[in-house]
Amino acid sequence: MGQIVIGVSDVKISSKSEDVLITYALGSCIAVIVYDPLAQVGGLLHFMLADSSIDKKKALQKPAMFADTGVPLLFKSCYKLGAEKKHMKVKLAGGASLMDDANFFRIGQKNIMAMRKILWRNNVIVAGEDTGENYNRTVELRMSDGRVTVRSGRGAVKEL
Amino acid sequence: MDIDRILQSINDLPAFPATVQKVSELMSDDEYAMTDLVNAVEYDQAITANVLKMCNSAYFGLPRKISSLRQALTYLGRRNIIRIVSTVRISEYYRDVEGYRLKAEKLWEHSVGVALMSRILSEKIYGREESWLFTTGLLHDIGKNVLGEFVNESFQKVMSLVSDENHSFLEAEQTVLGINHAEIGGRIASLWHFPQEMIDTITHHHRPDLMEGGDNTGAYLIYLADQVCMMMGIGGGGADDLAYRGLKGAMEKFKIHHRELETSMILLSDEIEKAKELIDLV
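Protein sequences appear in the order of chains A and B.
Mapping of the first sequence onto our numbering: residues 17 to 176, in sequence order.
Mapping of the second sequence onto our numbering: residues 211 to 492, in sequence order.
You may find that some hints are simply not true.
Residues from chain A that face chain B, not an exhaustive set, calculated with beta carbons under 8 angstroms [to be verified]: (1) Val24; (2) Leu65; (3) Phe91; (4) Ser93; (5) Tyr95; (6) Ala112; (7) Phe121; (8) Gly124; (9) Gly169.
Since the hints were made in silico from the structure, they are not lab data.
Every value quoted in this text rests on a predicted model; they were computed, and no experiment measured them.
Where is the CB? At the ideal position from N, CA and C, for every residue including glycine.
The shape of chain A in the complex, shown without the other chains:
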């Protein structure tokens, strides 16, 4: 297969070691990256908004648009391919904001908070995180070893 691109409000799962899951230019959106090294199953969710109650119809059509409907979908899809929750490593990237955005446009912050709350409620520990700040991020999950890299629009690359 090779490169699998995940767009905004989308989720993709893989169990093939030659695959690389990639999502481009996350702004205030968040990528949730999961990987089970034993089952060699991984997935990437790129959600846009925290709470699906704003548009329930949309949430049915596109559950990956929202954190509260997208995260369960991500986990369940991985379970179907044999992943187990206790082995899954969860990483987060994105949730950026504009400069001096106090009380205004806090969509990035809101997404981060919602995400943490959902994971916390489900006893999931975050293994790596690169969130906030004011630049965009491109995220990649390499299925052969579960390595997650984050590249910022300004050129810096880091591993989660």
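Guided by the hints, dock chain B onto chain A, whose structure is given.
Coordinates of chain B only, in the frame set by chain A:
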């Protein structure tokens, strides 16, 4: 001096093709003749091909397949004709903008996103569409096509002001190069004889709060649409994404709440999917 070279490169830009002005003039006459319109457009072959392609795009939602120019112009309606003709023409000016680490097609996608979002916001706020805002949305970052080369030459300097000195990207451009991409965009719009409200809006699209004189409503609206597209990553990936100032007054200006902004984001995702032909022009 950089600034002289920059201003010179604005003057070196080709004139804006006459087709758009011609079409706008014809359309402003309520009793325009279809034949005149067909003649004005037909003369321009690139536009004819693209008008046909765009008519069959889901975005315009025409009920049947369109195969001739006359048919297209009949079905599209006044507003859409102006929109299509200017969209096709403006798209021709987009270049890879190395200083922003962004490809032409991404900068264009972002511009289409802002144009679509300005329509969504304008309908939400005023209950009607302001069609000049659509064109302004397409043009708001046109200045990057000129400034990109100069930002690239001084990239490290610009970036260190942004990363270490808490400058917005716009402020860093101003400090290092003596001018910013918004002001250059305004000068280009002026060179192309666009109306004053469009020139002012483009010039102030990052700082509508600093606009002196004139009505800043359009500038605030394009500002909002631009910030939302940056947050959603539409045509994103550039070095300057999100390194701009959030202005407290923007949402208060239109008495718009977070929830409405989020609903607009959902609407925009749908519109973007429908507008594939517009985005694929570049």
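Hint by hint, here is what the structure shows:
no., hint, verdict
1, Val24, "holds, 7 angstroms"
2, Leu65, "holds, 6 angstroms"
3, Phe91, "violated, 23 angstroms"
4, Ser93, "violated, 21 angstroms"
5, Tyr95, "violated, 28 angstroms"
6, Ala112, "holds, 5 angstroms"
7, Phe121, "holds, 5 angstroms"
8, Gly124, "holds, 7 angstroms"
9, Gly169, "holds, 5 angstroms"
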